[in-house]
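**Q** These protein sequence lines are chains A and B, in that order. FYI, my numbering numbers position 136 of the first sequence as 179, with every residue one higher than the one before it. FYI, my numbering numbers position 72 of the second sequence as 75, with every residue one higher than the one before it.
You may find that some hints are simply not true.
[What the hints assert, rightly or not] Partial selection, computed: residues in chain A whose CB lies under 8 Å from chain B:
id : residue
1  : 87
2  : 88
3  : 89
4  : 110
5  : 114
6  : 117
7  : 118
8  : 269
Since the hints were derived computationally from the structure, they do not count as laboratory data. This one's a predicted model, so the numbers in the text were calculated from it and none came from an experiment. Beta carbons: idealized from backbone N, C-alpha and C, even for Gly.
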Amino acid sequence: MPEFSKMRKPDVKIVILGDMNVGKTSLLHRYTERKFKDTVSTVGGAFFLKQWGPYNISIWDTAGREQFHGLGSMYCRGAAAVILTYDLTNWHSLAELEERFLSLTDTANHDCIYAIVGNKADLTGNQAQQVAGQDGPTEDQGEGGGVNPPSACPTPPASPVLLSRVTLNKQVSREDAVSLYGRILRYKGMDESNCLPADKMCFETSAKTGYNVDALFETLFDMVLPSILRNRTEREQSPTVDLEDHKETGKRTRARCC
Amino acid sequence: MGTERKGTEAVIHRRLRNQICSSNGWVDACCAAEMSVKAFELVPAVARELLMGDKARINIECIECCGKHLYIGTNDCFIHHFLLEETTTKGTLSYSVQKQLVRYLGLKKPVDALKAASALERLIVLCDSTLSMVDMVTLEPVPSGGSKVRGVAAFCINENPVNGDPFCVEMGVISARRRTVQVYMLYEDRVQLVKEVTTPEQPCAVSLDGYFLCLALSSQYMILNYSTGAAQDLFPYDSEERKPIVKRIGREEFLLAAPGGLGMFANAEGVSQRAPVNWSESVIGAAVCFPYVVALDEGFITVHSMLDQQLKQTLSFRDGHILQDFEGKVVLASTKAVYVLVPLPLERQIQDLLAGHRVEEALTLTEGAQRNIPKDKFQILHKRILQQAGFIQFGQLQFLEAKEHFRTGQLDVRELISLYPLLLPASSSFSRCHPPLHQFADLNHLAQGDQEKVQKCKRFLITYLGEVRSTEGANGCREDVDTALLKLYAEQDHDSLLDLLASPNACLLADCAPWLEKHHKYFALGLLYHYNGQDAAAIQIWVRVVNGELQDSTRSDLYEYIVDFLSFCSNLDLVWKYADWALQKDQTIGVKIFTLRTLAKNQTKDQTGQINPDDVITYLGKHNQALLLYLEHLVLERRIKKEKLHTHLAVLYTDRVLSLLAQSSSMDAQVSAARDKLQLLLRESNLYRVQLLLGKIQDCNQLLLERATLHGKLEEHDKALHILVHQLKDFPAAEAYCVWGSASRDAGYQQHLYHLLLGVYLDRDIPGSSSTGPGGSNGTGELEMAAVDLLNGHGEVFDAVQVLGLIPEGWSLQLLRPFLGRALRGSMHAHRTSQLALGLARSENIQLHHDRLKQRRSPVLVSDQKGCHLCHNTFSEPDCVCLPGGVPVHTHCAAKRVVPDSPIKRQLANTSNHT
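Here chain A stands alone, though its shape is the one from the complex:
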């Protein structure tokens, strides 16, 4: 149950960063709830605990609004992976990643993994466009997704905005993302040859159709496993007695008896 999962101690943290309206919340929502729905602009941040095998992975969804920018580095503190999200139809959103969000990741783990994700692939007319096509992006809508209404809705409400079929051109090419990845590694002072290759870390997704979303998260989960294992051993070796942990195990054994 998700209620319980909130009580559990996460083993590792993944943070989703990116400009407002690129679809961070929608990505997470698509992955966790398997559907695309209207989201409102995220306030502050939210997180979701994912049970991945025996591990708990917390995925933090941050607010893209400038107003909450200051909180970003706190969310990133100790992160094992950062998902830098941009909007494929909005060149500016990619630029923002470098200008505004990259510095937030200074607080992340030194071996943090960076993924660059171009969302809204359904609007660019590539293979992700299976479901989409009825509606164009409307920038005034809530942060995250920026598209409306939920694709699961059988009869979309008849509104002129929705009926006018706008297809936007892809503004950001894959090469742009790949070169950004290279610059990030240089910024971090990491040797490119020792890092995960750009073609594995640059994704194009669609939260609306679900295209590539599972692949994105699950690839990252597999990549952060070493971090989890290290965290676990560190916790075990730590001289501090974790009272909470003890309580938990005690409870568990007792529960088994009755």
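Once you've looked at the hints, dock chain B against the given chain A.
**A** Okay, now just chain B, sitting in the frame of chain A:
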């Protein structure tokens, strides 16, 4: 001057409280249905009258609450002391306050902060940027054993002190003028500065936990470990613009006011472990009252859940000034009066949520409260909430979710069954739990006459009960569960009805029988009777269905089913009772009652349920066909070796053949089929009375083959062969006779028969044989040819020497060439084979002689330390047996193991003893 008021007492009555409410203008504003959880109630504690009366300029500056003691500092430099008592009348909580002392601190400055150090019985007072101490009871100044701490902007008490001394209070102090934070240890008689740390900017709010100082600086928050000096920036915040909040909410965890009206959580490492809550921009004070974050702004108290970050309740509160929690008690103050924010009992909050069908929130709240409730109590509560949640979802036809909640909530499944009218057996002792888990009277009430809904619910219950009955959840109420399930199956025409009845079940007969009748499930009813040991009733019902008296199309082969059932039925009276009915309907099927029945393995024991075959044969006298089938069953299938049965069957077969032959209209096929059966029996069985049958068919010339067989049984082979050769002229049959007649006999007997046959072929003096007739030469030639074929075909069985004496002189060598050739070769082969055997035997003999000599040459060591290779025990006597290779073993071991006449066994008794 305030001391005169000592002892003044004021009890706030409910009437008065209402007045305050209206005068102060606060009302519960939590009316929006979407978010209404009534988590807290605002209860007045100290009314304006008790503090400043109608003096408009006097305001509350700070409060402190410690146990029952409530201290209020005012802007005119007074400290008021009250005793706060909780009273509950008719479930409504209210506070009565008892005014204690009032002390004027002698300045014209406001009292900025008050903190109780209860272990020291001191009240720490911040007034005029100076920290001083007064006695908690008398409010008299206490000398702090040194200079007062001056230039203080703000201070805090460490609730997670690092010093083990219980009579030492740790204090974090922000300097008003310098960019420093000081940590003091406060003892009964002195104040000691422990540490002073400089901060990059002017601090304006502080909170302390262990070694961690959580600070609001002018442009950001930070965490500072005063022991190590390690600093951790949290996030930027403009303290000029908005009042910062730094609130310790638990071990190494703080709640901070963040830009954009957020309440951010941060732990000592500078990591946020909970998602932020979204309160308003102008929050003045905040506190955590698990699982809620309570915040006060200019006009409202907002309540957010830490579990889902949602706003749960809003209370209007004008002129709000202070919100602080003291040991879990949230106290608020406007500028003129003090209130307590009382959490409503968790159960009531949860019930409110459930009443609003907000299942997920109710469960979140319940589970979130797990650590605040004793375990056993929590389990009971949790179960009940899960059950209630399940019923709410059930009412909304969200069956998957409902099922999950019923399952985890360990619902007594009868609660659910009882919703469906008439499903629970009349005898069930069940009564619904109180207070009820749901508001439905029954399914009809729930569905409001919507039959489709009813059907959906029924289908759900079928799957649910089907799953439950195999689990422990059905313990103690299996009868109720199975009965309900049976009723549903019957009503819904469900295929699993029969599976349920055919497998172990606890269906109540008295309750189910009328129900099954009502739904015309007579076959199922029969199964139920059978399961309950009432086979007579079961068969009676079924027979009525077969006879067309009752209508139930469950099984089109019900008649066969009954026959099958009777064949297994252990109640013999019942078998005899319905056998007649079954046989009258169809003898060939009806007889299966007896043929499918397993026979007693031991005839001497008269087991119940076993039928004596003789009784059956007598009984079946009037049903010829059935009798024949039954005898066939006994003789041919069961291979019962009883002369009577075999004779009886053979006679029946014979009679049938004879009667068919007598009828001119009989078909050849019928006759030959009947004869085949007879012939087979005559050939295969050795038990029937041969003479009797021979007498029966003696006069029938069409049954020569049968006669020959009977003669064969009497070992009258010449007669038999005579019939076959001379009367039937069926030479293959004659040869087959030889094979058959000598089966299971030795080779000599077979040779004898073949020689007999050869003799019959070659006998020329048979009177009456067709060979003597006019076409005799032909006939003789025919026989001779048969003889030649016989010799050539089966040469190996004949004794060649004898045959040579028998065959006529005139036969050419060419004619018998294959026979002679084979005979010669055979004889040669036998000779050489024996030569070879002889040679081999000789060589083995020599080999053994060699071995024996070799063994005798070397000693065999036997000692009491040495073990026998077969039993691994030691030797106690010198006697031993030596296996090939010189391995000594006990004589008895060798005798046990080695085959007595094995050539490898050689006794070496009395061999020299070398112990």
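**Q** Against this structure, judge whether each hint is valid.
**A** Hint by hint, here is what the structure shows:
1. Restraint check, residue 87(A) versus chain B: the minimum CB separation of about 4 Å is within 8 Å; hint holds.
2. Contact between residue 88(A) and chain B, as hinted, is supported at the beta carbon level, the nearest pair being about 6 Å apart and thus within 8 Å.
3. About 5 Å separates the beta-carbon of residue 89(A) from the nearest beta-carbon of chain B, less than 8 Å, and the hint is met.
4. Evaluation of the residue 110(A) hint against chain B yields a held restraint, the C-beta minimum of about 4 Å falling below 8 Å.
5. Because the smallest distance between the Cβ of residue 114(A) and any Cβ of chain B comes to about 5 Å, under 8 Å, the interface hint for this residue holds.
6. Taking 8 Å as the C-beta contact cut-off toward chain B, the hint placing residue 117(A) at the interface holds, the least distance being around 5 Å.
7. Look at residue 118(A): its Cβ gets to within about 6 Å of chain B, closer than 8 Å, so that hint holds up.
8. A least Cβ separation of about 20 Å between residue 269(A) and chain B goes past the 8 Å threshold, and the interface hint is therefore violated.
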